[in-house]
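Chain order of the listed sequences is H and L. All residue numbers for the first sequence refer to the working numbering, where the first residue is 8 and numbers rise by one. All residue numbers for the second sequence refer to the working numbering, where the first residue is 211 and numbers rise by one.
Because the hints were derived from the structure by calculation, they are not lab data. Treat the hints loosely; a few may be bogus.
[Stated by the list, open to error] Computed cross-link-like contacts, SDA-like style, restricted to lysine to any residue with a CA-CA straight-line distance of at most 20 angstroms:
1) LYS311(L) <-> GLY432(L)
2) LYS475(L) <-> ILE76(H)
3) LYS629(L) <-> PHE126(H)
4) LYS96(H) <-> GLN572(L)
5) LYS711(L) <-> ARG87(H)
6) LYS629(L) <-> TYR93(H)
7) LYS83(H) <-> TRP709(L)
8) LYS629(L) <-> ASN141(H)
9) LYS179(H) <-> TYR93(H)
10) LYS711(L) <-> VAL99(H)
11) LYS711(L) <-> ALA9(H)
12) LYS83(H) <-> ASN134(H)
13) LYS475(L) <-> VAL723(L)
14) LYS629(L) <-> ASN233(H)
15) LYS294(L) <-> ILE76(H)
16) LYS179(H) <-> VAL108(H)
17) LYS711(L) <-> GLN727(L)
18) LYS629(L) <-> ALA164(H)
19) LYS96(H) <-> ILE614(L)
20) LYS629(L) <-> ASN134(H)
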Amino acid sequence: MADIVGFAVAWIVTSALGELGVSAVRRGSIYYYTASNQALDGESAFGFILMMLVPVVAFIVVMLLYNMIRFRARGKEIVRSHVQFYTNKTFVTVWIAISVVVNLLFYLHPTASALEQMFNGEEARYNRQDLIVNVTARQWQWLFNYPQYNITQAADANGNSVMFLPADRTIKFVLRSYDPFHTYDANAGVIHGFWVPAFGLKQDIIPGETRYLYIHTNKITSYDVNPMVRVQCTEVCGPGHPFMEAPVHVVSARDFQKWIVSQQKQQQS
Amino acid sequence: MSSIATDLLGDSPSQTHRRPMLPPVVRGLIWALIAFLVFNTLISEVLDRMPYHPFVTRASVTVGWVAAVCAWLLGVGVWEGVVKPSFGFPTLWETPTDWRKYFMYSTDHRVIGLQYIFSSIGGFMIAGFAAMLMRLELMNQNLWVFSNPGAYLSTVGIHGTVMMFSVGTVGLVGGFGNYLIPLMVGSNKSAFPRMSGISQWLVPAGIATVVLSPVLGQWTTGWRGYEPLASQDPAGIVFYYLGVFALTTSSLMVAINLTATILFKRAPGLTWNRIPMFAWGMLTVSLLNLIWLPEIQMAFLLGLLGAVIPFPFFTQVGSPLTYLEVFWLFGHPEVYIVVVPAFALWQEILPVMGQKSLFARQWGIIGLVFVMILSGMVWAHHMFTNMSNSQMLPFSFFTEIISIPTGFAYLVVIGTLWKARLRLTTPTLLILMSMFNFLIGGVTGVLLADPVVNLQVHDSFFVVAHFHYTIIGAMIFSWFAAFYYWLPKFTGRMYSERWGKVLSVWIFIAFNVAFLQMFLLGLHGMNRWVPVYPAYLQPMNFQVSLFAILLGIGFVLHFLHIAWMWWHGPRVEENPWRSKTLEWQTASPPGEENFTTIPTVVRGFYDYSDDRSAVAVDVHSDAPKGAR
Chain H
8 MADIVGFAVA WIVTSALGEL GVSAVRRGSI YYYTASNQAL DGESAFGFIL MMLVPVVAFI
68 VVMLLYNMIR FRARGKEIVR SHVQFYTNKT FVTVWIAISV VVNLLFYLHP TASALEQMFN
128 GEEARYNRQD LIVNVTARQW QWLFNYPQYN ITQAADANGN SVMFLPADRT IKFVLRSYDP
188 FHTYDANAGV IHGFWVPAFG LKQDIIPGET RYLYIHTNKI TSYDVNPMVR VQCTEVCGPG
248 HPFMEAPVHV VSARDFQKWI VSQQKQQQS
Chain L
211 MSSIATDLLG DSPSQTHRRP MLPPVVRGLI WALIAFLVFN TLISEVLDRM PYHPFVTRAS
271 VTVGWVAAVC AWLLGVGVWE GVVKPSFGFP TLWETPTDWR KYFMYSTDHR VIGLQYIFSS
331 IGGFMIAGFA AMLMRLELMN QNLWVFSNPG AYLSTVGIHG TVMMFSVGTV GLVGGFGNYL
391 IPLMVGSNKS AFPRMSGISQ WLVPAGIATV VLSPVLGQWT TGWRGYEPLA SQDPAGIVFY
451 YLGVFALTTS SLMVAINLTA TILFKRAPGL TWNRIPMFAW GMLTVSLLNL IWLPEIQMAF
511 LLGLLGAVIP FPFFTQVGSP LTYLEVFWLF GHPEVYIVVV PAFALWQEIL PVMGQKSLFA
571 RQWGIIGLVF VMILSGMVWA HHMFTNMSNS QMLPFSFFTE IISIPTGFAY LVVIGTLWKA
631 RLRLTTPTLL ILMSMFNFLI GGVTGVLLAD PVVNLQVHDS FFVVAHFHYT IIGAMIFSWF
691 AAFYYWLPKF TGRMYSERWG KVLSVWIFIA FNVAFLQMFL LGLHGMNRWV PVYPAYLQPM
751 NFQVSLFAIL LGIGFVLHFL HIAWMWWHGP RVEENPWRSK TLEWQTASPP GEENFTTIPT
811 VVRGFYDYSD DRSAVAVDVH SDAPKGAR
């Protein structure tokens, strides 16, 4: 009995300390830097799972340490333990019940609930005012095209691909993988991965398929503010893979309009 | 062990006479070289001449490789051991009794087990060296070790492929499984000794093939060989397919042999209720191998055809997604092939070290079996970035609930250790470390099972850290525990507790500091397969590399320690741990035969409530002849 009490105290103290640690991390930022509603959803799911798992992890770790220290054999002699039992129905039942309950909980929240948020964000009826950005991945370059503004290839003054987005707006990324400059080559397309770390979601881009990714930007920021605001290829696509990135700028609606105008001018020249 | 090959035929040793012969490994290499040259030339110069006629083409190298591997197998002894006897020729070949028996074809499960262990260590060293090169490269955000990203990515591919197929799936199964399973089930040999002898020699061939792949050209896909990139890459990918084919064939033969041994070679009285935990682990993992290895072999064969013919099944004009699906259909069971033996080892070693009866044994077995079953239902969680919304929910569900049977391994261990008299030996320490590491791997696995979280951390260093926690953290740590636990069995000698513990703490600290930071790197935006990355990630990468290199040194020191003690350790009694399982009830190392009389099992092996033996009669084998 003394052992059970001793273990329980150690477990509760460790869990409490762990919870304090996790809540400190959650007050900061688990994802380091976020710039979309989707990233915030993911971050809170992450934090919730961590919070719920602290007592579970603490139970195992404290148990392993407690057993290791408290029940270690002293002396060189090999002696059988004087306590022997083969099972304990209560312990096994409680263990299984808790593991089933925790898993069902995680499945309902955050898995199903957060997915519902994500699915809703993709519903067409919510997305009539979306900014559409056609994203084309080729080896090894990102190409951004704004069909609503007739911008065929957004680029900075040096001709490098750049993405500008208005803040507080839903963006519909239309993702394709092919090489628009070598359309005759059926083997040019490989799998790429579209990821803006600060946006909290990614999607693979498979040649021959058109896919969509929805993001709601929630702050004005840019690659210059935080390097996590960049488009980064995440699926290995050949030797040029590490270089397949592009800066992202999330700007105010007015600055976005200005940028559109300048791009249109640049395109005509 | 005068002559196993003749024993199989019933010839008496007096009829054999020695013929001068090259050392089998050297002969195998020469035969392989000749076979490669003949068949390669036949294809590239005669049957299938290409424009500008290169001497080595993809088709010729494939056919030449098949011929070379067959010749290699024949050369190391399959010719005398299998082929000639099959046609009724007498075997004129004496098996040496000294160290040379480890460098030739053998039908002795203990020799084969040790050969597998040596092959695995070789693969571990080569792939580990590749990892060191990668970590050295990543100390700096620019290219400085490698001259181009393709060279780095080829190294990544070699590291992953060799580690997975020659260490992860082989170290505990082909190695410890082959050595221990017949001993543990009370048999003097495995079910298919001749096939088992062949299968071992595919491992060095497979490792060499994958390591030599850059000779044919770079391949940038990593160990997953994703299409259509694989079919676009230079020809190095051909040796990836062929090397993996050799290694998976080897594992498949091991699986057939171990399954049959456990099912049919058990000693009298060794009922299903009494099968040792490690044997349960081997049985479940062998069934996984039997189900999933043929599947991935077919997929890789289609990939190989794509590279050689070409047969554009998985390219842009075919279906790239199909490759991803067939790969992960095997790929997730594969990681359980790696880790299930570790679960079994926890439950095998700790009751002995605690001298306390195994707790809730049936739940431990249920856990192993259900992990095996569920592992085939979770695979698409590797593809949340590739699936429609409706598929996310079921795969997320199965992935989350696989934590329940996995948890049973912890349930059993915790109940066993409670009020035990736990000896804090090196194997105990390594097992407890392995359980801690797998806990971190498992918890981050729960996070990864959540699709919304997964879509952020997928393909980032978070995932790299997660699977290294399950593979190095759980399997490799348990592998070292197995080395220390069974070293007295292999050699009759004991290691140094002090060095064992110091080195174990060393690798534990180095491993955790290196890989915990990788989780943070992933969250901070470090993607995979990049020798060049944004500068803000450099400081943490530098620290990771530092501790990764310390980890590598720690592994090497462990092997040096084990090798030293193999020859110079103090002699110990036959059963130094006071275990009740069968492999410890005979001499250490066992004599010519495992058991002079086949034991009769009268009770389970994990009951430490009294000193009664689990076997009815004394089963000691002779002490080894010419004992070291």
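Evaluation of the provided hints:
1. Proximity of LYS311(L) to GLY432(L) is assessed by CA-CA distance (about 36 angstroms); at most 20 angstroms being required, the pair is judged violated.
2. The suggested pairing of LYS475(L) with ILE76(H) is violated, with an alpha-carbon distance near 41 angstroms, which exceeds 20 angstroms.
3. Pair hint LYS629(L) plus PHE126(H) does not hold up; C-alpha atoms about 51 angstroms apart against a cutoff of 20 angstroms.
4. Of the supplied pair hints, the one linking LYS96(H) and GLN572(L) holds, its CA atoms being roughly 12 angstroms apart against a limit of 20 angstroms.
5. Between the alpha carbons of LYS711(L) and ARG87(H) the distance comes to roughly 23 angstroms, so the proposed pair goes past 20 angstroms and is violated.
6. For the hint pairing LYS629(L) with TYR93(H), the CA-to-CA distance comes to about 12 angstroms; that is within 20 angstroms, so the pair holds.
7. A distance of roughly 18 angstroms separates the Cα atoms of LYS83(H) and TRP709(L); the hinted pair therefore holds under the 20 angstroms criterion.
8. Using a Cα cut-off of 20 angstroms, the hinted pair LYS629(L) and ASN141(H) is violated, with the two alpha carbons roughly 64 angstroms apart.
9. Taking the CA atoms of LYS179(H) and TYR93(H), the gap is near 59 angstroms; set against the 20 angstroms cutoff, the hint is violated.
10. Simply put, LYS711(L) and VAL99(H) have alpha-carbon atoms about 33 angstroms apart, too far for the 20 angstroms limit, and the pair is violated.
11. Between LYS711(L) and ALA9(H) the CA atoms are separated by roughly 30 angstroms; this puts the pair beyond 20 angstroms, and the hint is violated.
12. The hinted pair formed by LYS83(H) and ASN134(H) fails the criterion: a straight-line CA distance of about 73 angstroms is larger than 20 angstroms.
13. Only pairs whose Cα atoms come within 20 angstroms are accepted, and LYS475(L) paired with VAL723(L) is rejected, the gap being roughly 45 angstroms.
14. At most 20 angstroms may separate the alpha-carbon atoms for a hinted pair to count; LYS629(L) and ASN233(H) exceed this at roughly 53 angstroms.
15. A distance of roughly 60 angstroms separates the Cα atoms of LYS294(L) and ILE76(H); the hinted pair therefore is violated under the 20 angstroms criterion.
16. Between LYS179(H) and VAL108(H) the alpha-carbon distance is near 37 angstroms, which puts this suggested pair outside the 20 angstroms criterion.
17. Taking the CA atoms of LYS711(L) and GLN727(L), the gap is near 24 angstroms; set against the 20 angstroms cutoff, the hint is violated.
18. A distance of roughly 72 angstroms separates the Cα atoms of LYS629(L) and ALA164(H); the hinted pair therefore is violated under the 20 angstroms criterion.
19. A distance of roughly 17 angstroms separates the Cα atoms of LYS96(H) and ILE614(L); the hinted pair therefore holds under the 20 angstroms criterion.
20. With a C-alpha separation of about 61 angstroms, the suggested pairing of LYS629(L) with ASN134(H) is violated against the 20 angstroms cut-off.
The structure shown violates the earlier hints numbered 1, 2, 3, 5, 8, 9, 10, 11, 12, 13, 14, 15, 16, 17, 18 and 20.
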